[in-house]
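> Listed below, chain by chain, are the residues.
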Amino acid sequence: MAKLVATEEEVMLADAARGFLDEAAPVAHLRGLRDAGETHDAALWKSMADMGWAGILAPESAGGSDMGHAAACVLAGEMGKTLVSSPFISTAVIAATALRQVADDRANAALARIASGEVTYALAIDEGAKFNPDATQMEARREGNGFRLNGSKGFVVDGGHADRLLVLARTGDALTLFDLPADRVGITRQAKSMIDNRDAATVSFAEVEATGEDVLGQVDDAMTVLKPAIEAGQAALAAEMAGVAAGAFGMTVEYLKERKQFGVPIGAFQALQHRAAHLWCECEVTASAILNAGRKLDETPENASLAVSLAKARATDTAQLAVQEGVQMHGGIGMTDAFDMGFYMKRARVGAEWLGDYGYHANIIAQARGF
Amino acid sequence: MSETSEKLSTFQAELRAWLEENCPREMRDGRNDETTICWGGKNWNFTSEAQRTWLKRCVTKGYTVPTWPVEYGGAGLSRDEEKVFHAEMGRINARYPLQSFGIWMLGPALLHFGTHEQKLHYLPPIARGEVRWCQGYSEPGAGSDLANVQSKCEDKGDHWLVNGQKIWTSYADKADWIFALVRTDKDAPKHKGISFVLINMETEGVSTRPIKLISGVSPFCETFFDDVKFPKEQVVGTINRGWDVAKYLLTHEREMISAAGGSMGTGRPLGAVIADCETGATDPVLRSDAMRAEVDTLAVELTLERYKDQAEAGGSVGDASAMLKYMGTELNKRRLELLMAAGGSDALEWDDGRAPNWLRTKANSIEGGTSEVMLSILSKRVLGLPG
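Heads up: the sequence lines are chains A and B, in that order. Following the working numbering, the numbering of the first sequence begins with 1 at its first residue and continues without gaps. Following the working numbering, the numbering of the second sequence begins with 372 at its first residue and continues without gaps.
If you are wondering where the hints come from, they were derived from the structure by calculation, not from laboratory data. Glycine residues also receive a C-beta, built at the ideal position from the N, C-alpha and C atoms. There could be a bad hint or two in this list.
[To be verified] Once the Cα atoms are required to be at most 25 Å apart in a straight line, the calculated BS3-like pairs of lysine-lysine come out as: (1) K3(A) - K679(B); (2) K751(B) - K260(A); (3) K427(B) - K490(B); (4) K3(A) - K603(B); (5) K561(B) - K618(B); (6) K545(B) - K679(B); (7) K618(B) - K603(B); (8) K561(B) - K257(A).
[Stated by the list, open to error] Residues from chain A shown here face chain B by an in silico Cβ test under 8 Å; the list is partial: (9) L4; (10) F20; (11) Q101; (12) V102; (13) H274.
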């Protein structure tokens, strides 16, 4: 396996991303969207696409850079540090990975539209309050040569603005994945007001018509296409959460150096030093799991489940710890809306739930490890 | 396939065949705990014929110290080959043929600071398991404040003369030689007057006394130096700069202690062990705690890998090894608590064998620098916090 050390290319990508994001999307950008009642910045996504980020997993034949999952995790991590609001994971990671499992001209054309920034996607999968694809109830009833979709999907991340939806539905005893335009007749979207001010929607389907052309992969075999896509998304989300932890941690350490009480910087107190050092340790250990997941997805994608779940479980935990310690060590100011730490806390909570919480991933690990 | 990966898979195939042929069945139980370790040394009593055979065979291949250069008794393996070596050993649950402070600590220090003559003289006997070393660092007044060592070492022209007391010297009563920190300049600032010296335990004036621990065993001793004379060349590195050697070596010790986590590395996953126990299979709370410990174990192991990769790529690990020591030992304590809980009352009997291992782990976060010292190192040197 490639080394668990960032390559020169990955370091350069991270530096370039940081430079761009500090300018174009600091935390103040998210605050601006929130204050304006918006959840999506189309111009920001366009700039990211122009930099090649939307096509990071698309093949060069579709105008992508095909840099791989470890690189996508690098970008997601940098976005996490300043809570960048974009459909990167839904579109550039999940949808692109799903489309790459289907090697035909239509899929390649769709990848080209992703890479150019022309089209965004959302994954419509959850039906209950917890991530559980196996429990999908929404029905795609066979009718003539096609299907009729009926049901509802909740917590469709980026679903309020996405141009297209990847929809998981039951076809008899099996599951089938559909790739539908979000404006198809019978689809209604209801934007949700989320704690992290990111785009999420409830999407309802009433006798929505779909043909064989709308099926991604094979009928009755959603998982061949969807499983790699979900795992890619989970790894990128884990990387984003590690970035959230790093962002919150960085602010906290700076504050420990600046804030004075009893005539000294509070970072001189051993009680806080040890908590901060412990948090740093947790961040370091999680960083290893993230790097490993990216490498595994690039090298042995058919055998990456354990590595991906390890990354998501660890990142979920670490981000939770970082934001909780962040607020506590900032004291009262950490509780104020005017200060950014609260944004980190809310994003960490949402990231913990999306694509499987700690328990979901710990169970996958436990099974793999003989529990 | 590239040339390197081809070479690597040839190595793997050969190693696998060699292990299959040469590792005795009895040495394939994956046990690397206090009671099964082969420490070597002049007075070593092999616990079985298989243990003797396994050591002998590994010595011929340099597999007791796989990464050391061949001329010093190793196999000269690259980092990639070392990974393969550990994976193949793990595949058949092979015990390590030899473990010792010579391998873990003195060896790396000599490889880095020793003269060519010192390396040729001291390393091969370590690799062959013929000389067993112990570490003389702590003193009654120098625990967490290690640089406060007071054992007095005087230059007597043609020899050194040392007087003082060491404590927590692991297995000093069984060791052939000791590497120790002694004060060679009492007037210099405390970090600048220490030297790193090598003393034969049979020298007149050296005596040891075991300390009985809560686990019932006595892995640690008090060691006394009363007018001990030893040759001038038995100093590693520069005189009065022993702290540099000690710091370098502590890095290795910390990595070693953090990696020595019972079944971490080659052994069975925690879950499989717990599932064997009656309680573990039925208790959802224990299962959940064990799952968390397993998640953390896997991630800490990856971090150890990452740091090794980083070191090999030329990046410095430095003070961050304090992180591995802290996380590894705290995790190990958690794991052994879980194994005790899974064992229920069965694990409470001395004969069962779990209790001594469990109690032993409590020292992991004290020896080689306490968890609190590790956190202080990190907060000051890595995070740059004041004070």
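> With the threshold set at 25 Å, check whether the alpha-carbon distance from K561(B) to K618(B) stays at or below it.
14 Å, holds
> Less than 8 Å between beta-carbons is the criterion; does F20(A) satisfy it with respect to chain B?
Hint on F20(A): violated, closest Cβ of chain B at ~26 Å, above 8 Å.
> Does K751(B) pair with K260(A) here, judged by a C-alpha cut-off of 25 Å?
Measuring from Cα to Cα gives roughly 17 Å; hence the hint holds.
> Could you grab the alpha-carbon distance between K545(B) and K679(B) and see if it respects the 25 Å cut-off?
Not satisfied, since the Cα-Cα distance of roughly 31 Å exceeds 25 Å.
> Was the hint right that Q101(A) lines chain B, CB cutoff 8 Å?
Not OK, violated: Q101(A) not within 8 Å of chain B, min 26 Å.
> Verify the interface restraint on V102(A): the C-beta must sit less than 8 Å from at least one C-beta of chain B.
29 Å, violated
> Is K3(A) within 25 Å of K603(B), Cα to Cα?
With Cα atoms ~44 Å apart, K3(A) and K603(B) exceed 25 Å; violated.
> Identify whether the interface hint at H274(A) stands, where standing means a beta carbon of chain B within less than 8 Å of its own.
Status holds, d = 4 Å.
> Hint check: K3(A) vs K679(B), CA-CA at most 25 Å. Holds or violated?
Since the Cα atoms of K3(A) and K679(B) sit roughly 10 Å apart, the hinted pair holds (cutoff 25 Å).
> Hey, K561(B) versus K257(A), does the alpha-carbon distance stay inside 25 Å?
Judged against 25 Å, a Cα distance of about 29 Å means the pair is violated.
> Go through the hint on L4(A) and say holds or violated, using the shortest Cβ distance to chain B against 8 Å.
4 Å, holds
> Would the hint linking K618(B) and K603(B) be met if the CA-CA limit is 25 Å?
23 Å, holds
Figure legend: structure checked against the earlier numbered hints; hints not met, in rising order: 4, 6, 8, 10, 11 and 12.
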